[in-house]
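A.B. asks: If you count by the working numbering, then the sequence shown holds residues 1 to 315, one letter each, in order.
Watch out, some of these pointers could steer you wrong.
[What the hints assert, rightly or not] Label pairs and their computed distance ranges (CB to CB): (1) GLU51 to PHE204: 41 to 51 Å; (2) LEU231 to VAL308: 31 to 41 Å; (3) LYS114 to ASP50: 34 to 44 Å; (4) CYS156 to CYS11: 32 to 42 Å; (5) ASP259 to PHE204: 24 to 34 Å; (6) THR236 to LEU87: 48 to 58 Å.
Derived by calculation from the structure, the hints in this document are not laboratory data. Beta carbons are placed, not taken as given, at the ideal position from N, Cα and C, and that holds for glycine.
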Amino acid sequence: MNRNRLLQTDCQISLGGQNASAAVMQALMRVTIEQGLHLPSLCLLTFQDDELALIDSKQFDVGQEVVVALGTAGTPKPLFDGEIVGLELQPTPGGILSCVVRAYDRSHRLHRGKQTRTFVQMTDSDITTDIAREVGLKPDVEETDEVYEYLLQDNCTNYEFLRRRAKRTGTTFWVEGGQLHSRILASGTSTPIELLWGPSLHHFHPILSARHQVDTVLVRGWDVKEKREILGQASTGRRMVQGDSAVNGVQIANNAFGDGQCLVVDRPVTTQAEADIVAQALCDELSSTFLEAEGRAAGTSELIPGAVVAIPNVG
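Model the full assembly from the supplied sequences, consistent with the hints where possible.
C.D. replies: Next up, the structure:
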């Protein structure tokens with residue numbers, strides 16, 4: 001492929017469902033997009049606005065939908081889909097006035113305000129569905145079975161509450177467009193993006209550590225009604241990194257140091273099913289730390305937080 005073509009980025013902006021006008025695109029100075037796994041995606045659009053025509057325009061009203069597509073020349077793909085939350089007027093040292101449009105993806109709605117309330121006789125999927133609809137998002141939630149007598153949202157944002165529940169139950173949630181998705185995230189659940197050392201992967205720093213690998217995770221609790229012990233157990237993580245070797249982190253740790261287990265007594269559980277769920281979630285978390293990596297790659301619209309990547313031929 002022509003190297004010059006790789007350096008030519010095509011940017012398309014949609015405002016309120018309509019393509020931005022030629023005048024708006026001509027005034028565009030900079031596009032900045034920041035994405036994180038557990039934070040709302042941020043988009044900053046900077047326009048030259050010496051006449052203050054854009055900052056007063058209705059197309060930049062708070063709440064207006066913004067879609068930004070980026071890619072090599074002629075093949076842009078959506079990278080950001082959110083809504084405007086603020087405007088800034090910035091003078092530059094050269095005397096140019098710029099209008100900065102600040103937009104977040106719709107997960108920012110989950111961060112607005114704190115609440116204290118109880119959810120009675122509901123599953124986690126029921127609660128996630130209700131909260132999604134409450135903030136104007138369409139729920140796409142994988143059903144869960146465990147019904148809780150009650151759960152307390154104790155003076156925290158909807159995002160903090162959902163994040164806490166996701167960590168406890170081994171699920172993940174994210175917002176894409178106008179939908180809130182919630183899934184049990186297991187290995188190999190999506191088609192990986194292949195990154196090749198050299199052409200697309202420019203820096204790679206793998207880290208292997210058997211420090212937190214254990215055979216079994218045990219969660220102990222007490223059934224107040226039946227006056228008996230509750231013991232949840234899990235031994236196989238669902239989110240282990242896949243490699244060329246069939247040996248996983250637990251096997252390597254056992255061969256080197258002997259058997260090990262993780263006993264949890266500080267996470268209250270009231271039923272056997274809840275104890276098993278908490279044990280499995282912690283087992284998933286520990287097993288996923290066996291092999292981690294940091295890298296720097298050529299940007300594409302598919303390479304986003306939460307995407308699965310495959311990195312061949314790096315040892």
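A.B. asks: None of the hints should be skipped; say for each whether it holds.
C.D. replies: Hint by hint, here is what the structure shows:
1. Between GLU51 and PHE204 the C-beta distance comes to about 48 Å, which sits within the given range of 41 to 51 Å.
2. In this structure the hint that LEU231 and VAL308 lie 31 to 41 Å apart at CB holds, the actual value being about 33 Å.
3. Distance hint check: the CB atoms of LYS114 and ASP50 are about 41 Å apart, consistent with the given range 34 to 44 Å.
4. For the hinted restraint 32 to 42 Å between CYS156 and CYS11, the CB-CB distance of approximately 37 Å keeps it satisfied.
5. In this structure the supplied range 24 to 34 Å holds for ASP259 paired with PHE204, their Cβ-Cβ distance being about 33 Å.
6. One distance hint, 48 to 58 Å for the beta-carbon pair THR236 and LEU87, holds here, with the actual separation near 51 Å.
The structure fails none of the hints (numbered hints given earlier).
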